[in-house]
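**Q** Using the hints provided, position chain B relative to the given structure of chain A.
Residue numbers (my numbering), protein chains in the order written: chain A, 1 to 313; chain B, 1001 to 1283.
To be clear, the hints were calculated from the coordinates, so they are not data collected in a lab.
There's no promise every hint is true.
[Unchecked claim] Derived pair list, reagent style DSSO-like, types lysine-lysine, alpha-carbon separation capped at 30 Å:
| no. | chain 1 | residue 1 | chain 2 | residue 2 |
| --- | --- | --- | --- | --- |
| 1 | A | K188 | A | K147 |
| 2 | A | K216 | A | K21 |
| 3 | A | K188 | A | K216 |
| 4 | B | K1191 | A | K99 |
| 5 | A | K21 | B | K1191 |
| 6 | B | K1283 | B | K1113 |
| 7 | B | K1191 | A | K18 |
| 8 | A | K188 | A | K134 |
| 9 | A | K134 | B | K1113 |
| 10 | B | K1191 | A | K188 |
| 11 | A | K147 | A | K134 |
| 12 | A | K99 | B | K1113 |
| 13 | A | K138 | B | K1191 |
| 14 | A | K18 | B | K1283 |
| 15 | B | K1113 | A | K138 |
| 16 | B | K1191 | A | K216 |
| 17 | A | K147 | B | K1113 |
| 18 | B | K1191 | A | K147 |
| 19 | B | K1283 | A | K147 |
| 20 | B | K1113 | A | K216 |
| 21 | A | K216 | A | K18 |
| 22 | A | K134 | A | K99 |
| 23 | A | K99 | A | K138 |
| 24 | B | K1113 | B | K1191 |
| 25 | A | K134 | B | K1283 |
| 26 | B | K1191 | A | K134 |
| 27 | B | K1113 | A | K21 |
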Amino acid sequence: MPATVIATQNLVKSYPVKNSKDFVAVDGISFEVAPGESFGLLGPNGAGKSTTMRMIGAVSTRTSGDLDVLGLDPNRYGPEIRSQLGVVPQENNLDMELKVRENLLVYGRYFGLPRARVARRADELLEFAQLADKAGAKVDDLSGGMKRRLTIARALINDPRILLLDEPTTGLDPQARHILWDRLFRLKEQGTTLLLTTHYMDEAEQLCDRLVVVDKGRIMAEGSPVDLIRRYSSREVLEVRFGSTQNAEVAGRIQSYGERVDVLPDRILVYSDSGENELERMTAAGLHPITSLVRRSSLEDVFLRLTGRNLIE
Amino acid sequence: MGDISDEMRAETRAAAVAAAARTRRYGSWYVAEHRFRVMRSYAQTVLFTAVGSPLVYLYAMGVGLASLVDGNLGDDAVDGVSYLAFLAPALLASSAIAVASEEFTYPIMLGFKWNPTFFGMNASSIQPGQIINGLVISVAARMLVTCTIFYVFMLAFGAVPGRLGFVAVPVALVTGLAFGVLVMAYTATLKDDTGQLAMVQRFVILPMTLFSGTFFPLDVLPPYLQWIGWVSPLWHGTELSRVFAYGLSEPIWLSLVHVLYLAALLAIGWVWARRLATRRLNK
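Okay, chain A solo, but in the shape it has when bound (with noise of 0.2 Å):
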């Protein structure tokens, strides 16, 4: 296996616009995913992140910059590298015209695999997205979270080097990301390597090995999870609400707790190691907040800290 699976050296992607400037969607992003890594594309809605993907998934000509995946340029070994890849969009586009299984034995055929393969890989498939019982369903009668792991499986059957998953749990509910996930974490002990977009911190908690945070194009901070929590936030974060009328006001003396204090229209965020010790000196100080919570740290952190915004607006 090469070193890299896929490196990006400042990727950009614009889209002209009429009468006006073109609009830089991505805007020079690098970085090298190894493979059996698990790497995500952390971001909110718009930073760039399913423009990046489908550069990747070789579904989209770059404007400028290099790209090469699986030691292959996408502008021209497009059916070379979709071969090696498997996709899972942000957008549904399983066949509701054919049967769940159906819908296995038809995308195995555009890899022209054999046919009697491509059954027995079904199968298998179903079983892996526990949906053995559902084969001969319409896709249509499936949950959310069915049809995800439907086309997690669809997306597997030629075999894939590297998997791409666009918000893979977006829209779906907590249980349903659960089992989701726990999927996705055995394909990663198994050595497929993972490129996943999210906008959720806890996601990208969970399965990545490493991450980049992307916002407006641009990649703001790259690291482990845990590296990044470290470098941009602290260890606990303090929430405190003392109601938006005096929030303001309060803010004023407690700016020097903690690491740093973040003051948000409604809450107050105290960065320290140690959020209780924080919470007492409040209390000490005659400061009663009507809520208040003490919490890991967390990506999110992270994310308001390189941005001043919060992911999920």
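**A** Then chain B, alone, in the frame of chain A:
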């Protein structure tokens, strides 16, 4: 270290090239395979219309209406043959157009927009142009079945005096496809269907069927309406079919024009549709 990595890179590349080779060659057929599987779910409708529509049309027009025409004008009513013989090749070509207008409109809208399976295909080793090819292949197959059944009914009704009448089947096929690929290309430009496809049905396909020398020769129309026939693939296809079905006498250059015109439309529509698909799928 660098050497090992380079070697492995070469291996990865070779594996990818090998894995995509079959799809590069046969991808269009894989797409067609998908379409056949989908068609299977409405196979009954396909067969029912293929059998039902010749019966309905040949009885209503070829027997019912024909008795009026022949009654007034004699057995050599139009072009020196019976009205049924005159009409049948036109109905055959129209049946191909009907298949085209079904398969190249809503299914295209579906694949690009409502249930974007074309994007799913495009994420595999399949290329956009192959999606278009596969669609054409699968519709051609359905059209061939429909037209062949229609032709068998024409024979049963005694509507084919000429010995080369069977050539009308491939002519109908080309006519249907030549028109179909243009409709497909047009549909591929639509971001949304806000009634455009129904308009095509009403203001393109219906007038074309009525004014393409289908039910009466084009030259009985006033000159300012005859152009509809000249631009209509249906007229060119029908006239060419008539040459084979009952020996319609027209100059050979005109027959050649029919062939070239249909071939040109087919080529233009096909290439245009492939381009549009590429642009739409590879944003």
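**Q** Indicate, hint by hint, whether the structure satisfies it.
**A** Comparing the hints with the structure gives:
1. A:K188 x A:K147: 21 Å, holds
2. A:K216 x A:K21: 16 Å, holds
3. A:K188 x A:K216: Holds, at roughly 29 Å.
4. B:K1191 x A:K99: 27 Å, holds
5. A:K21 x B:K1191: 24 Å, holds
6. B:K1283 x B:K1113: 14 Å, holds
7. B:K1191 x A:K18: Distance ~18 Å between K1191 (chain B) and K18 (chain A) Cα, so the pair holds.
8. A:K188 x A:K134: Satisfied, since the Cα-Cα distance of roughly 25 Å is no more than 30 Å.
9. A:K134 x B:K1113: 26 Å, holds
10. B:K1191 x A:K188: Violated. K1191 (chain B) to K188 (chain A) sits at ~38 Å, over the 30 Å cutoff.
11. A:K147 x A:K134: Holds. K147 (chain A) to K134 (chain A) sits at ~11 Å (cutoff 30 Å).
12. A:K99 x B:K1113: Answer holds: K99 (chain A) to K1113 (chain B) is near 20 Å, not above 30 Å.
13. A:K138 x B:K1191: 27 Å, holds
14. A:K18 x B:K1283: Given that 30 Å is the threshold and the Cα spacing comes to 16 Å, the pair holds.
15. B:K1113 x A:K138: 20 Å, holds
16. B:K1191 x A:K216: 27 Å, holds
17. A:K147 x B:K1113: 18 Å, holds
18. B:K1191 x A:K147: Satisfied, since the Cα-Cα distance of roughly 25 Å is no more than 30 Å.
19. B:K1283 x A:K147: 25 Å, holds
20. B:K1113 x A:K216: 27 Å, holds
21. A:K216 x A:K18: 21 Å, holds
22. A:K134 x A:K99: Satisfied, since the Cα-Cα distance of roughly 9 Å is no more than 30 Å.
23. A:K99 x A:K138: At roughly 5 Å apart (the allowed maximum being 30 Å), K138 (chain A) and K99 (chain A) satisfy the hint.
24. B:K1113 x B:K1191: 8 Å, holds
25. A:K134 x B:K1283: With Cα atoms ~34 Å apart, K134 (chain A) and K1283 (chain B) exceed 30 Å; violated.
26. B:K1191 x A:K134: Violated. K1191 (chain B) to K134 (chain A) sits at ~34 Å, over the 30 Å cutoff.
27. B:K1113 x A:K21: 28 Å, holds
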